[in-house]
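Novice: What follows is each chain in one-letter form.
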Amino acid sequence: MERVCSRRFEVGTRSTTRRSFAAVNRRSAAPGSAYIATCSRRIASLAAFLVLLASSRGWGAEYTFIVAGLGGEPQYEARFREQANALAAFARQSADADAVIVLSGPEATRNAVRRALTTLTQSVQAQDAVTIVLIGHGSFDGEDYRLNLPGPDPTGRELAAWFDQLPSRRQLIVNATSASGAVAEDWKRKHRIVITATKSGGERTATRFAQHWTAAATTTAADVNKDDLVTAAEAFDYARRQVETAFKADAALATEHARLEGENASTFAVAGLGAAHASAGPETAGLLAQRGALELRLNEVKERKTALTEEAYYDELEQVLVKLALLQRRIDASRTSIEGGG
Amino acid sequence: MRSMTPSGASGATLLSTAIAACVLATLAVFGAAHAGAIDYDPRRSASLRVCDDHQQHGRIEQARKCYSLLLTDSNLITQAEARWALGDLRAANELFRRAVQDNDRAVQARVRWGWLFVQTHQYADAAELFRQALRIFPKDVHAKLGLAQTFAERFEGQAKPLLEEVLRENDELPAAHVLAARMALEEGQLAAAERALDRAAQLTAQQKQPPLEIYALRAAVELSRERSPHAWIQRALDYNPRYGAVFATLAHFEVMRRRYREATVLLRRAVEVQPDLWSAHAELGANLLRLGDVAEARSHLATAYSGDPYSPTTVNSLRLLDRIDEFETTTAHVEIGAHVYQVKTRLHRDEAAVLRPYALDLAQRGIDAFSKRYGFTLREPMSLELYPDHDDFAVRVAALPGIGLLGVTFGYVIAMDSPSGRAVGDFHWGGTLWHEMAHVFTLEATEHRVPRWLSEGISVFEEWRTGPTPGVAVPPEAIMALKENRLLPVAALDSGFIRPSYPNQVQVSYVQAGLLCLFIEERFGFEHLAALLRQFTRNVSTEQAVANVFRMSSEEFDRQFDAYARARYQTLLAHMDEWDEQQERAHEAAEKEQWADAVEAARRAAALYPEHIGSGSPHLLLAHALDKLGRRREALAALERYYTAGGWDPAALRDLAHWLEEAGRPRESIAVLAALNYADPLNPAQHEELGERLLSEAQNAAALREFQALLALSAQDPAAAYFGAARAHRALGDAAASRRNVLDALAAAPHFKPAQEFLLQMIEERQNNE
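Protein sequences appear in the order of chains Y and H. If you read the first sequence in our numbering, its first letter stands for residue 7, the second for the next number, and so on. If you read the second sequence in our numbering, its first letter stands for residue 79, the second for the next number, and so on.
Keep in mind that the hints were calculated from the coordinates and are not lab data. Values in this document were obtained by computation on a predicted structure and should not be read as measured data. Check before you lean on any hint, since a few could be wrong.
What the hints assert, rightly or not - Far from chain H by the CB rule (all over 12 Å, computed), these chain Y residues:
1) Gly77
2) Tyr82
3) Phe96
4) Asp147
5) Trp168
6) Lys194
7) Lys196
8) Lys205
9) Asn231
10) Arg246
11) Glu324
12) Ala331
13) Gln334
Said to hold, decoys possible - For lysine-lysine, the following DSBU-like pairs were computed, each having C-alpha atoms within a straight-line distance of at most 35 Å:
14) H:Lys706 / Y:Lys254
15) H:Lys706 / H:Lys670
16) Y:Lys308 / Y:Lys254
17) H:Lys143 / H:Lys238
18) H:Lys831 / Y:Lys329
19) Y:Lys254 / Y:Lys194
20) H:Lys561 / H:Lys422
21) H:Lys143 / Y:Lys254
22) H:Lys238 / Y:Lys254
23) Y:Lys308 / Y:Lys329
24) H:Lys238 / H:Lys561
25) H:Lys670 / Y:Lys254
26) Y:Lys308 / H:Lys706
27) H:Lys706 / Y:Lys311
28) Y:Lys311 / Y:Lys254
29) H:Lys561 / Y:Lys311
Using N, Cα and C, we set each Cβ at its ideal position, and we do this for glycine too.
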């Protein structure tokens, strides 16, 4: 039974957590999905998944919707399209192709965005995670934000209304356009994290944020704690820092200051790397539970740093970290064994 | 013709530095320049002259009473002058305004109002008023003189021709001769200064005007001749015991000669004799800052501000001092042979940990090289100050923000932009520091007697010969000046720095000075350059020094240099038009992505002008085009030529490093990556890559430095830096430091697998050894 469960986890992690629209629409008829959910709940009870399960990768499916708006100039058009494609390609590595929607160039019209969000609304369930990334130029006239698309531009209010139809309780909306800060407050909801490239609608210069968000969400660069999982908080910090560094390198006055609104950004995964792609069987799950406990212990030691002598601090660190390292070997061996089918 | 801009090359760096030093000289001195100026205008009312006489003899109370009686005078100009003399500048300003409003043809009111603006450092407003007066009455020599004074205050080239025009129109203006003497002194033309002073003295005697400014300038002439100025100081003080301006004037010229200690002594005397000489307090504060005495500088600047709140230099300096706590000051001991030198660094706390090792490394190399080459041993600690905010640096050196400086040397103190103060690729901070360190040696070895051209020339020459980006880099402007016979005789080259007469002349003068040193080295041998510098350990003119060292007149020296320069650039001079055309073609082809055409044109342009390594360098175009055509090997060769010629564009050097690595030349690749630290030191990825590469080559100490720099740059993502440092420490045999660092790495990133494995291996080895 355990064996079957672990195999189902393998399937679940690899192809169902980023479920295709077609698959999702058939979900009620898919016998595997209920079982997967059962296993998920069992895993969720384990301390080892304190981090992993709290993240969007822990349960439910993941959907990604990317819009690359009007560039206005050829270099912007190309850049926006490249960024959208890079994000989509990475998302598709762990999902069915149609769990990831990209609209760019002439296709990215107001109606197309509305239709795609309607489709998404029909597909997504409450436990699923939805990531929406808007790339391009935005504008703000003091009252309304507008996303610059071919044809009529959707306003911030219209977009908010479409987003609000999504039943997902785990939403991340990254508006990387100029003037995007205008919507940071308006789009914020209880289960939604909103990231904007600018602090307000007044920052109207073409932004650099999308470029660095793309790097954060598609590489290991933003994975500060090296757990092979990039969270929204890590990606945001990374992109924000890179934007800041880029302006400094150009000795230019920063024309954008990114914002993050909403809670749980540190548990919303935007990219799984390496081992985070791999499946977790019950044995692994048990080990991960132990790892979670050790991480809590590590945090305690770090918090007591100022109260300890240097020698005592490093001694205590070493004790915990050696245990963690040894445990990690076992986790890796366990994962290898699952992947190898053994 | 594609002109070179100050980016992308060491040549550009030195050019920008050149501008810097000129502006410094201009701005650093103006505070004292106008101190105690006297109104010689014969239109000045007799009633004011009575009061002036008290004032100019130091009878302050009588002067005050006298001027007070004129506050109700029927003439608005007289009222304004009285308010001005009593220190109520706002009221004086308002009265002049009314005088001008009442009479839109008023010339004298505008001229005197202009002078009020000169005193309050508002030169643009002053110039506008003088121009207005000239529009009303084009022949008013006093307005012209005011305008010339405004230009002179800002060291603008128009000052001289305008003053000559004034003197042609009216030879009987003491103020004009005083200004002529001052400008001649500033250019080191002592005989001309004396002639002007003789005439001014004659006129003041005839016109019964006070001789105070003449005494002060005569004292300055004596000082310039290294003779005692005491007799003239005494005559000035006998005339007016409160005439602090005599000391301030002397200090002004000492600052121009970069003799800051001597200037400080004089300025202390100035404020002692005349405690309300605010400009002297301001200059003393600025000078003390140059010498690194922050506390006393603050005190004098505050005093200056209390009396003259209009001076932007004082206000800016005080603002900078309010933020001085943001800087870390440390002292390092640098061992070179049997000597131990102290090097002080003042770096912003946000970047001190990254920059300090590289700054100290350059300091050590610089001290070693220059001590040997010029036979001079530093006698005091050398101080390096790097300012991340360019305006802070500009305020630090000249007290005005927004000016195009890169680096300045005040004796043993070097102040410069930090690499974070400018866009990446805008300037090579290592080259700038090298240039400034050479100044420390040339200035101190000669007790600041070295003429500007030689000090700058040696700095430029050392950038080319021994600096972090060696290679003779001569920009197109200098070649054009050579072609059009616009280079100056060596004996007059200082004027090209102080009062340029055509655009870019300052930059051209820097390059000419560098080429003169190169000429000396190549024609006579380096030892002759060192010998020429040693000539200035005493007070000699350039002509005398040239004659002593080279046994020829400076005219003959100029002829030989001209022939040398023309021979050196023979090909380019003969094909300037073709070079220009090929450059244009190469750029156009590259823009159209017609790479084969770009290769052909860029190759020819590079062959004609291989020293062009600035923005738009044909080497870079060639490398890029060849790479686009898939000819990486040839592209690598083109980039190597660029690098060898002194090119340092960070993006190009990163390509070069990677291509060298690909070509199986790891050591050369590492050397290029290491060189990047002196162009773009705040790039974390670069430190990480270099650290890893150095570790792989077992250059462990150097690797450790890179990981420590990475750590300083990666506060929010420190795991990789700690892990690199752990491996470097281990390779260096420091097990305890290695343990701490790997534990720190894992504390930051508990799942960092390579670090976990390293920790387990470390534990295993420890257990085996127990």
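Novice: All hints are to be evaluated individually against the structure, with a verdict given for each.
Specialist: Cross-check of the supplied hints:
1. Gly77: holds, 20 Å
2. Tyr82: Given a closest Cβ separation of 18 Å, the condition holds.
3. Phe96: Holds: least Cβ distance 20 Å, greater than 12 Å.
4. Asp147: About 33 Å separates Y:Asp147 from the closest Cβ of chain H, which puts it past 12 Å; holds.
5. Trp168: holds, 35 Å
6. Lys194: Non-interface label on Y:Lys194 holds, nearest chain H Cβ at 25 Å vs cutoff 12 Å.
7. Lys196: Holds, because the least Cβ-Cβ distance between Y:Lys196 and chain H comes to about 29 Å, which exceeds 12 Å.
8. Lys205: holds, 20 Å
9. Asn231: violated, 5 Å
10. Arg246: The claim is violated: Y:Arg246 sits with its nearest Cβ about 10 Å from chain H, within 12 Å.
11. Glu324: Nearest chain H Cβ is 6 Å from Y:Glu324, so the label is violated.
12. Ala331: Answer for Y:Ala331: violated, closest chain H Cβ roughly 4 Å.
13. Gln334: The assertion about Y:Gln334 is violated, with a minimum of 6 Å to chain H.
14. H:Lys706 / Y:Lys254: Distance of about 30 Å is within 35 Å: holds.
15. H:Lys706 / H:Lys670: holds, 12 Å
16. Y:Lys308 / Y:Lys254: Given that 35 Å is the threshold and the Cα spacing comes to 32 Å, the pair holds.
17. H:Lys143 / H:Lys238: Between H:Lys143 and H:Lys238 the Cα gap is close to 39 Å, so the pair fails against 35 Å, i.e. violated.
18. H:Lys831 / Y:Lys329: holds, 13 Å
19. Y:Lys254 / Y:Lys194: holds, 30 Å
20. H:Lys561 / H:Lys422: The hint is violated at about 44 Å.
21. H:Lys143 / Y:Lys254: violated, 58 Å
22. H:Lys238 / Y:Lys254: violated, 42 Å
23. Y:Lys308 / Y:Lys329: holds, 16 Å
24. H:Lys238 / H:Lys561: This hinted pair holds, its Cα atoms lying about 26 Å apart.
25. H:Lys670 / Y:Lys254: Holds - the C-alpha atoms of Y:Lys254 and H:Lys670 are around 31 Å apart, at most 35 Å.
26. Y:Lys308 / H:Lys706: violated, 51 Å
27. H:Lys706 / Y:Lys311: Violated, at roughly 54 Å.
28. Y:Lys311 / Y:Lys254: holds, 33 Å
29. H:Lys561 / Y:Lys311: violated, 69 Å
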